[in-house]
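Let's have the full structure, built from the sequences with the hints guiding it.
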Amino acid sequence: MTSRISRRTAAKLLLSASAIAALPKSAVAKEAPKPAGPALTPSERQKLAKSITQLRGAVGKIRALKIPMGTEPAFVFRSLSGKR
Amino acid sequence: MTPEEALNATVAEVAPLVRSRALSPVALAEASLARLEGTGKALNAVATLTRERAMEEARSAESDIAAGHYRGPLHGIPYGAKDLLATRGIPTGWGARPLRGQTFPEDATVIRRLREAGAVLVAKLAMIELAGGLGYNTPEASSSGATSNPWDRARWSCGSSSGSGSATAAALVGFSIGSETWGSILCPSAFDGVTGLRPTYGRVPRTGAMALSWTMDKIGPMARSAEDCRLVLEAIGGPDPGDPSSLTVDRPSPPAAGAPAPDPRGYRVGVLRADYGKIYDPEVAAAFEEAVRKLSGLGVAVSDATLPDFPYDETATLVIVVEAAAAFEPLITSGRVRELVEPAARWAGEAAKSVSGVDYVRAMQARRLIEQGFEEMFARYDFLVAPTMPIVAAKLTDKLETAFAYTDSLGSGGNLAGLPALSMPCGFSKGGLPIGIQVVGRPWDEQRILALGRLYQENTDWHRRRPPLVPPRSA
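Going down the list, the sequences are from chains A and B. Last residue of the first sequence: 84 in the working numbering, with the numbers rising by one and none dropped. Last residue of the second sequence: 475 in the working numbering, with the numbers rising by one and none dropped.
There could be a bad hint or two in this list.
No farther apart than 35 Å at their CA atoms in a straight line, the calculated lysine-lysine pairs in the DSBU-like style are these [unchecked claim]: (1) Lys353/B <-> Lys41/B; (2) Lys61/A <-> Lys278/B; (3) Lys395/B <-> Lys61/A; (4) Lys66/A <-> Lys294/B; (5) Lys278/B <-> Lys66/A; (6) Lys395/B <-> Lys294/B; (7) Lys278/B <-> Lys47/A; (8) Lys399/B <-> Lys47/A; (9) Lys353/B <-> Lys61/A; (10) Lys47/A <-> Lys395/B; (11) Lys50/A <-> Lys399/B; (12) Lys278/B <-> Lys50/A.
Facing chain A, from chain B, some residues (calculated, C-beta under 8 Å) [what the hints assert, rightly or not]: (13) Thr317; (14) Arg338; (15) Trp347; (16) Arg368; (17) Leu369.
Label pairs and their computed distance ranges (CB to CB) [as the list claims (entries may be wrong)]: (18) Gln372/B <-> Glu44/A: 34 to 42 Å; (19) Ala39/A <-> Asp64/B: 55 to 63 Å; (20) Ala154/B <-> Pro42/A: 34 to 42 Å; (21) Pro330/B <-> Pro42/A: 25 to 33 Å; (22) Pro42/A <-> Lys395/B: 48 to 56 Å; (23) Gly38/B <-> Arg63/A: 47 to 55 Å; (24) Ile67/A <-> Ala301/B: 32 to 40 Å; (25) Thr333/B <-> Gln54/A: 17 to 25 Å.
Since the hints were derived computationally from the structure, they do not count as laboratory data. Bear in mind the structure is a predicted one, so any value in this text is a computation, not a measurement. Every residue gets a Cβ at the ideal spot worked out from N, C-alpha and C, and that includes glycine.
So this is what it looks like as structure tokens:
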């Protein structure tokens, strides 16, 4: 079954940070990612949880940093055409 | 000078002898291969000996020089390359058990350029698996096992360019090539007592090199003097269409060959002593202070400096974790990460997925602020100096999360901002382990960094010391 997205919902998708929440439920459920590779053992899961906690700590420190709006990320994109 | 003695000398010293045919490239290659087979294997510094190719390149160098076609100071010099640089038909296993025997159809650009300069590839050198891209907590995390430090075989050579540091220090090769994403050239240079250059991001093309973090990976020379690093950089640096990062348009042109080196006297050097009392081994601190006094005595203007407050280590961690998980996705999804030595690699991919796209972009925004912070620092100073590592070489049995439990703001920040850095020996501990000083400069300022390094090394002899297991040079 497909469901149509109204113009208002589409606008929400473009403008809202919670775009996933606006998707039809079935679309989200069907696309649930499979875990990569063989399943982790319970002890490995514990260590994974610890790693995630450490990464969240790092994320938290960066979130706490005052980054002026409009700060360009340090990506360098270069068009390859004409350079080869 | 015999070929064995020549292996203990610098490239700059050996090159005129090769040019004048007082030293034979074939004899040099044979001496290097013999030492790699003996000492190199004892140190676990070698991934693959490239005997056949080495002898072919050495014979070619010998006949070219005899015919009057001398190509420059690397002609006929044996070297080793970290095993993440592709070499046509020779295994390039990235230090990883699941990739043992992997081969590529073409040489990496750096290898091709060295071949064109006449250098002789004698070995692919050991490295930490995937250059540590999916994490590692022990020196054993390599398909070839832990690489020993030639100054004390119970100690680690550091990683991830483990074999490059160890083989260069033990004079098994004339110089080597390493790579750095965060610390992988500088740490082995400090622990092993060699001179290593981390070039500006984009200076040396990575075409044909393993990718760990596209926005942070750099390739550079590890040698026995700053001058040797300069000679190697001249050969391997410069734009390459295969690596967009090397095509930066605002790159200043390198000085013309034969141009006089800049005079570093009068340069303003900022000395970083953050967290000194807390994390630095007192012997490291003492050797570093002596090096700073030496620089001051040589006419360099020295003053204290402090890095601006940023979450340097956290930003570098997020960028690397996310990019490495993408780089090694095929290994992760196939489950072959389970063949790696490091158990944490098994869940590294899952852990990386916990970082959202927004958080990655925020980290890259933080990185821009960090870059701007360094730019402001370099308005006040020409260079920043600090001990390369706050500790001497770790033991082979050490857990690295304990041995390396300190912040590394200059290392993480310098790599995030793509800054060039030179590490050179500046002393030894009472136990005979090398201590290094790092000189960090503005992007593209390698020439002045190397000039400062050369001035320091012309007035000290730390870089001339060789580990005890290596036969000493005769006078």
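Okay, the hints, checked on the actual structure:
1. Lys353/B <-> Lys41/B: 39 Å, violated
2. Lys61/A <-> Lys278/B: Given that 35 Å is the threshold and the Cα spacing comes to 22 Å, the pair holds.
3. Lys395/B <-> Lys61/A: Between Lys395/B and Lys61/A the Cα gap is close to 32 Å, so the pair holds against 35 Å.
4. Lys66/A <-> Lys294/B: 40 Å, violated
5. Lys278/B <-> Lys66/A: With a Cα-Cα distance of about 28 Å, the restraint between Lys278/B and Lys66/A holds, given a limit of 35 Å.
6. Lys395/B <-> Lys294/B: Since the Cα atoms of Lys395/B and Lys294/B sit roughly 30 Å apart, the hinted pair holds (cutoff 35 Å).
7. Lys278/B <-> Lys47/A: 29 Å, holds
8. Lys399/B <-> Lys47/A: 16 Å, holds
9. Lys353/B <-> Lys61/A: The given pair, whose Cα atoms are some 18 Å apart, holds under the 35 Å limit.
10. Lys47/A <-> Lys395/B: Roughly 25 Å separates the two Cα atoms, so the pair holds.
11. Lys50/A <-> Lys399/B: Satisfied, since the Cα-Cα distance of roughly 17 Å is no more than 35 Å.
12. Lys278/B <-> Lys50/A: 26 Å, holds
13. Thr317: 5 Å, holds
14. Arg338: With a closest approach of 7 Å, the Arg338/B hint holds.
15. Trp347: 4 Å, holds
16. Arg368: 5 Å, holds
17. Leu369: 7 Å, holds
18. Gln372/B <-> Glu44/A: 34 to 42 Å: Given about 40 Å between the Cβ atoms, the range holds.
19. Ala39/A <-> Asp64/B: 55 to 63 Å: Between Ala39/A and Asp64/B, where Cβ atoms are some 58 Å apart, the hint holds.
20. Ala154/B <-> Pro42/A: 34 to 42 Å: Hint holds: Cβ distance 36 Å, inside 34 to 42 Å.
21. Pro330/B <-> Pro42/A: 25 to 33 Å: Holds - the Cβ-Cβ distance for Pro330/B and Pro42/A, about 26 Å, lies within 25 to 33 Å.
22. Pro42/A <-> Lys395/B: 48 to 56 Å: 32 Å, violated
23. Gly38/B <-> Arg63/A: 47 to 55 Å: Cβ of Gly38/B to Cβ of Arg63/A: about 54 Å, so the range 47 to 55 Å holds.
24. Ile67/A <-> Ala301/B: 32 to 40 Å: With Cβ atoms ~34 Å apart, the hint holds.
25. Thr333/B <-> Gln54/A: 17 to 25 Å: 23 Å, holds
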